[in-house]
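K.L.:
Each chain, written out:
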Amino acid sequence: DQQVKQNSPSLSVQEGRISILNCDYTNSMFDYFLWYKKYPAEGPTFLISISSIKDKNEDGRFTVFLNKSAKHLSLHIVPSQPGDSAVYFCAASESQMKTSYDKVIFGPGTSLSVIP
Amino acid sequence: DGGITQSPKYLFRKEGQNVTLSCEQNLNHDAMYWYRQDPGQGLRLIYYSQIVNDFQKGDIAEGYSVSREKKESFPLTVTSAQKNPTAFYLCASSWGGNIQYFGAGTRLSVL
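Line order of the protein sequences matches chains A and B. Take my numbering: the last position of the first sequence gets the number 329, and nothing is skipped along the way. Take my numbering: the last position of the second sequence gets the number 122, and nothing is skipped along the way.
No lab work stands behind these hints, which were simulated from the structure alone. Where a beta carbon is used, it is the ideal one built from N, C-alpha and C, also for glycine. Don't take each hint at face value.
What the hints assert, rightly or not - Partial selection, computed: residues in chain B whose CB lies under 7 Å from chain A: (1) Gly-14; (2) Pro-19; (3) His-40; (4) Leu-54; (5) Pro-86; (6) Leu-101; (7) Phe-113; (8) Gly-114.
Said to hold, decoys possible - Stretch-level coverage of chain A by chain B, calculated; a stretch enters the list once three of its residues show a Cβ under 8 Å from a Cβ in chain B: (9) 262-273; (10) 293-302.
Unchecked claim - Listed below are the simulated SDA-like cross-link pairs for lysine to any residue, each with C-alpha atoms no more than 25 Å apart in a straight line: (11) B/Lys-25 / B/Asn-109; (12) A/Lys-218 / B/Arg-79; (13) B/Lys-20 / B/Arg-79; (14) A/Lys-218 / B/Ser-76; (15) B/Lys-68 / A/Asn-240; (16) A/Lys-281 / A/Pro-321.
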């Protein structure tokens, strides 16, 4: 049973418009969320994260919103650029205060295509 | 130039053969991880290691083995006991927090 879900396998957006990638999770113990971006033939790279004590985190064109009651988060990219075309993975973790390792659960990814 | 190097990029396994995937990092990270990615699925954790000479099983460790003799190296062996080895394998490292840094991956196929 997937604990982190990305129900849209793919998304196409016009250049300059907003891209919204969605992610849902089932484990209410998750308290830290991350987005990774992956280009073909490369490994995922960290993009942005948010702690459960916040409902929004912004970094340049990228903003992540967290709705804890709905167990939902979204990544907004504004404005979208052709270089943003990649697979985006949502990930979540449950902090374990007694150990240095926080297990991270990844979603299946959403492939974003930004059309020039 | 710091990073994580995985080799080879493509690997083919014959029936009954063990194969080893290499992962080296020069980021001075303590923790290293191996994930498997199948089409339509997220990354699933195979093994992880928080310190040299110590490692723990992840969610899908059966049919795999690892070693951590050096801080910078965490090789993964796909044994003949792994009946469905065809997948994309990703190695990652971190300094113990949530943010992991990934290599470019190895695509393993069965002949």
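K.L.:
Does each hint hold? Answer for all of them.
P.N.:
Here's how the hints hold up against the structure:
For B/Gly-14, the suggested interface contact is broken, since its CB lies about 9 Å from the closest CB of chain A, more than 7 Å. At its closest, the beta carbon of B/Pro-19 sits 13 Å from a beta carbon of chain A; the interface hint therefore is violated under the 7 Å criterion. Interface restraint check: B/His-40 against chain A, minimum CB-CB distance 11 Å, threshold 7 Å, status violated. At a threshold of 7 Å, the smallest CB-CB gap from B/Leu-54 to chain A is about 4 Å, leaving the interface hint in force.
The beta carbon of B/Pro-86 comes no nearer than 17 Å to any beta carbon in chain A, farther than 7 Å, and the hint placing it at the interface is violated. Restraint check, B/Leu-101 versus chain A: the minimum CB separation of about 6 Å is within 7 Å; hint holds. Evaluation of the B/Phe-113 hint against chain A yields a held restraint, the C-beta minimum of about 3 Å falling below 7 Å. For B/Gly-114, the shortest C-beta to C-beta distance to chain A is roughly 5 Å, which falls under 7 Å, so the interface hint holds.
Coverage of the segment 262-273 of chain A by chain B is violated [criterion: at least 3 residues with CB-CB distance below 8 Å; count 1]. For the segment 293-302 of chain A, the stated coverage by chain B is violated: 1 residues have a C-beta nearer than 8 Å to a C-beta of that chain, whereas at least 3 were required. Simply put, B/Lys-25 and B/Asn-109 have alpha-carbon atoms about 36 Å apart, too far for the 25 Å limit, and the pair is violated. This hinted pair does not check out: A/Lys-218 and B/Arg-79 have alpha carbons roughly 32 Å apart, beyond 25 Å.
This hinted pair checks out: B/Lys-20 and B/Arg-79 have alpha carbons roughly 21 Å apart, not beyond 25 Å. Taken as a hint, the A/Lys-218 and B/Ser-76 pair is broken in the structure, with Cα atoms around 29 Å apart against an allowance of 25 Å. Of the supplied pair hints, the one linking B/Lys-68 and A/Asn-240 holds, its CA atoms being roughly 21 Å apart against a limit of 25 Å. Distance check on the hinted pair: A/Lys-281 and A/Pro-321 sit about 20 Å apart at the alpha-carbon level, within 25 Å; holds.
The earlier numbered hints that this structure contradicts are 1, 2, 3, 5, 9, 10, 11, 12 and 14.
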